[in-house]
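Engineer: What follows is the residue order along each chain.
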Amino acid sequence: MVLVLALGDLHIPHRAADLPAKFKSMLVPGKIQHILSPGNLCIKEVHDYLKSLCSDVQITRGEYDEDTHYPETKQLIIGAFKLGICHGHQVEPWGDLDSLAMLQRQLDVDILITGHTHQFKAYKHEGGVIINPGSATGAYSSITYDVNPSFVLMDIDGLRVVVYVYELVDGEVKVDKIDFKKPQ
Amino acid sequence: MVRFDALDLQQDMRTFDELRQLETFFKEETKRGRTNADLYELVQHSGNILPRLYLLITVGSVYIKSQEAPAKDILKDLVEMSRGVQQPIRGLFLRSYLSQISRDKLPDVGSPYEGEGGNVMDAVEFVLQNFTEMNKLWVRMQHQGPAREKEKREKERSELRDLVGKNLHVLSQLDGVDLEMYKDVVLPRVLEQIVNCKDEIAQYYLMDCIIQVFPDDFHLQTLETLLSACPQLQPTVDIKTVMSQLMERLSRYAAASPEVLPEFLQVEAFTKFSHAVVEVIEAQPDMALVGAVSLYVALLTFVLRVHVDRLDYVDQVLGGCVKKLEGKGKVKDVKATKQLVALLSAPLEKYKDVVTILKLSNYGKVMEHLDYDTNRVMAVVLMQSILANNTLITAPEKVDGLFDLLKELIQDSEGAPSIDELDEEDFKEEQNLVARLVHMLVNDDNEQMFQILIAARKQFGQGGPKRLPFTLPPLVFAALKLVRSLQNEDLPDDGPVSLKKVFQFLHQTVEALSVVPAPELALRLYLQCAEAAGVCNLEPVAYEFFTQAFMIYEEEIADSKAQVTALQLIIGTLQRTRVFGVENRDTLTHKATGYSAKLLKKPDQCRAVYACSHLFWVEEGSGVKDGERVLLCLKRALRIANAAQQMSSATRGSNGPMTLFVEILNKYLYYFEKGNTQVTSTIIQGLLELIVTEIQSENTTQDMQVDAFLANTLRYIQFQKHKGDSVAERYSDIKVPS
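Here the protein sequences line up with chains P and E, keeping their order. When the letters of the first sequence are read in order and numbered with my numbering, they come out as residues 1 to 184. When the letters of the second sequence are read in order and numbered with my numbering, they come out as residues 1 to 738.
The hints are simulated quantities; they were obtained by calculation from the structure and are not laboratory data. It should be emphasised that the depicted structure is a prediction, and the values quoted were computed from it without experimental measurement. Mixed in with the good hints there might be a few duds.
The list that follows gives simulated cross-link-like pairs (lysine-lysine, DSS-like), each with its CA atoms no further than 30 Å apart [what the hints assert, rightly or not]:
1) P/Lys82 <-> E/Lys501
2) E/Lys350 <-> E/Lys398
3) E/Lys500 <-> E/Lys428
4) E/Lys323 <-> P/Lys74
5) E/Lys481 <-> P/Lys121
6) E/Lys458 <-> P/Lys44
7) E/Lys674 <-> P/Lys181
8) P/Lys44 <-> E/Lys352
9) E/Lys150 <-> E/Lys335
10) P/Lys44 <-> E/Lys561
11) E/Lys76 <-> E/Lys150
12) E/Lys323 <-> E/Lys398
13) E/Lys350 <-> P/Lys181
14) P/Lys121 <-> E/Lys721
15) E/Lys591 <-> E/Lys561
16) E/Lys365 <-> E/Lys335
17) P/Lys82 <-> E/Lys723
18) E/Lys359 <-> E/Lys481
19) P/Lys181 <-> E/Lys721
20) E/Lys350 <-> E/Lys323
21) P/Lys74 <-> E/Lys428
Let the sequences and hints guide you as you build the complete structure.
Structural biologist: Written as structure tokens, this is what we have:
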């Protein structure tokens, strides 16, 4: 069982001061094996914080990220799954699931982690799963109104991945889970 | 006979034990017929004075105990006879013996020696006299002997000090010494001796003794007397420590017993301490700055413990310190600086609320006296406190007050080191903290919120080009949030807050950024504003913002990679904006497609052009669905892809990978499914076969990624074909090549 944290679009410090306290207290170092972020952290302090939680941090570039050397896309393998990361501002129209599915076919991955819209999504289609962990800080978005802070924790076990989404609603953390199984 | 030349406490103890035996002996003697009076007289015939007096005291003790004569008379005699020994060390030990042996024989209230034997006044008188004489002897030690042995003498004195201090302890233990007696007799006499002896070591030790030995409520009631002695002490006495001790004790007293708080107010403890501090500082003009400041620190600690809700007192203490610092500019002494930081940190730690700190008018003035580095560190501490405690700043005046405290970070002040001299990492960290702070400036009332933004903008505006890229973007987003809040309200344009005014604010703020220059940031923010204006149905405003964004793109974004991203953002934003009428829309999309075709690298061109196809196809509502224009874009993209292949063939000898073609194919499928009739199955079939052929051709560079992409696409087509719905029907004409 491999725990993978997916979170992005924090937009610190432009749109948010910090992660919500309740999230911070949940994110404890040493429990997570990988962190995948579609981007828009935006500053080094946030990158350092993520590295303090877990040594393997994979980040793709968001359009506001201070570090312009993050790649546009990333591909990696965790267990039986091929994962891809891309912020999503590069894919028109923004948030369009069919266009994102095209990117997924291009990257040839089972799970595509993407962001930009600040809205949580877990979309299963014929090519795999698209997961948008939303904005971990609930940052302002021109695309989504009333953003609740959210992030995703994936538990990869063999051919199965359980996606836990944590959302801060009215000061309380709500958890939901979705199961995906990869065809043989 | 025992000898007393050596200064040997051990020997001293043994000596006293011996003397106890002697005491017993004398007691036995009286049983054998000798009266105490006789013995008392007899021992005075001893040859040497020192042993004579020891004997006398010993007999005296037995005499008192027998109650054959009034205790007070004997005590008085003994304490005066002891004058015979003027050598300091011998005298101290002698009187110490007297003190010790007489302890349980004083005519205190309720003691067997009261009445005929005297009263507590006599007891007090006796002890005071012994104390006074002992102190004189002790002080005399300081001046005996050569100057080079001063340190040795002071060490000796230090070892003996408790002998003197013990007397005060005895006084404190007397039941009859109540507040009245303490106030009227004991304290004045003791203080008189302390002041008059003019000895630094004695003064410091004895003041401290008084504070330790007598109860706190005595101190509270005699505060004025006690404090008035302080300026009269020798200038070298570390009076601030003494006063700090006193303040510390009393504040602990208040903390432990809250019911005495009214007493504190009644005796005006704070006022007295306040005055005393000023007087001490004035009386010791050579006092180092660190001394003065630490006095204020002690006073402030007192206030924070005893009168925590009296912000006016806190401010007064700070004000006192400011007065002391007047004219001194930036404090350079490291120790004094440390004390200043302690002074500033204490209220912050106590209240944990910077908004409370803002009410202290003198806080900022103290900060001004810190050197630049320390000031900036303190400013960072303030910001971190706000962020850690989630302190919200809810009014424009408070915003101004806050940034006034942070002014060394917000703008360049005269004499401050220029930004280039600062450590880059530190500078960035500080500015990022300021940026985060913006999100703590909030008010639900839209008018207040707007005023807050204006206040912050004004403060940041003076920050200079290096600071603006950090500080302005969060303001922009805060303003965009305000726009959302205003959207549903129908406010007049010329009211205190309105959409129009906020957009003007946004425009002017982003413009300031573009001037820095920070073109990439400005472009992104212009696009954010454009989208927001579109949602508010303000077509001219949205158009203006797009214009600004385009101008930056044309004039200031030269880097190819930056252009690609900028264009992605332009196209993405434009695609989502619904407010434009046909003319404006056409102008903007025309420009966007123009830029796309002019990107440097062919693959970038290709991708940007097919991205533009989405500008002509909007799924939601009654958006534009211009199938022809879409097809034109895709065809243009295809041409560019072909050109790229040719270039590759010409320069490298083989065709590049078919990536772009597969991408375009996927785009065809996208529109095909959405019902764009211009994208026919024939077109798709043609492209499909072209790709398959080319990929298998020897001339084409092999690429696993592309192979996988194609395979995934073909699988997708198969899946769509077998879905069994209307989409599947459309796919029926498409044959998947093997």
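Engineer: All hints, please: hold or fail.
Structural biologist: Here is how each hint holds up against the structure:
1. With a C-alpha separation of about 50 Å, the suggested pair P/Lys82 and E/Lys501 falls outside the 30 Å cut-off, and the hint is violated.
2. Distance check on the hinted pair: E/Lys350 and E/Lys398 sit about 20 Å apart at the alpha-carbon level, within 30 Å; holds.
3. Between E/Lys500 and E/Lys428 the CA atoms are separated by roughly 34 Å; this puts the pair beyond 30 Å, and the hint is violated.
4. For the hint pairing E/Lys323 with P/Lys74, the CA-to-CA distance comes to about 62 Å; that exceeds 30 Å, so the pair is violated.
5. Note on E/Lys481 and P/Lys121: the hinted pairing holds, with a Cα-Cα distance of about 23 Å set against a maximum of 30 Å.
6. The suggested pairing of E/Lys458 with P/Lys44 holds, with an alpha-carbon distance near 28 Å, which does not exceed 30 Å.
7. Among the hinted pairs, E/Lys674 with P/Lys181 is consistent with the structure: their alpha-carbon atoms are about 29 Å apart, no more than 30 Å.
8. A distance of roughly 28 Å separates the Cα atoms of P/Lys44 and E/Lys352; the hinted pair therefore holds under the 30 Å criterion.
9. Distance restraint check for E/Lys150 and E/Lys335: the Cα-Cα separation of roughly 28 Å lies within the 30 Å cut-off, and the hinted pair is therefore satisfied.
10. Between P/Lys44 and E/Lys561 the CA atoms are separated by roughly 21 Å; this keeps the pair inside 30 Å, and the hint holds.
11. Restraint check: the Cα-Cα separation between E/Lys76 and E/Lys150 comes to about 35 Å, which exceeds 30 Å; the hinted pair is violated.
12. Restraint check for E/Lys323 and E/Lys398: satisfied, since their Cα atoms lie roughly 25 Å apart, inside the 30 Å limit.
13. Between the alpha carbons of E/Lys350 and P/Lys181 the distance comes to roughly 55 Å, so the proposed pair goes past 30 Å and is violated.
14. Simply put, P/Lys121 and E/Lys721 have alpha-carbon atoms about 26 Å apart, close enough for the 30 Å limit, and the pair holds.
15. Of the pairs offered as hints, the one joining E/Lys591 and E/Lys561 holds, with about 19 Å between alpha carbons and a cut-off of 30 Å not exceeded.
16. Between the alpha carbons of E/Lys365 and E/Lys335 the distance comes to roughly 19 Å, so the proposed pair stays at or under 30 Å and holds.
17. The hinted pair formed by P/Lys82 and E/Lys723 meets the criterion: a straight-line CA distance of about 26 Å does not exceed 30 Å.
18. The suggested pairing of E/Lys359 with E/Lys481 holds, with an alpha-carbon distance near 29 Å, which does not exceed 30 Å.
19. Taking the CA atoms of P/Lys181 and E/Lys721, the gap is near 23 Å; set against the 30 Å cutoff, the hint holds.
20. Between E/Lys350 and E/Lys323 the CA atoms are separated by roughly 24 Å; this keeps the pair inside 30 Å, and the hint holds.
21. A distance of roughly 28 Å separates the Cα atoms of P/Lys74 and E/Lys428; the hinted pair therefore holds under the 30 Å criterion.
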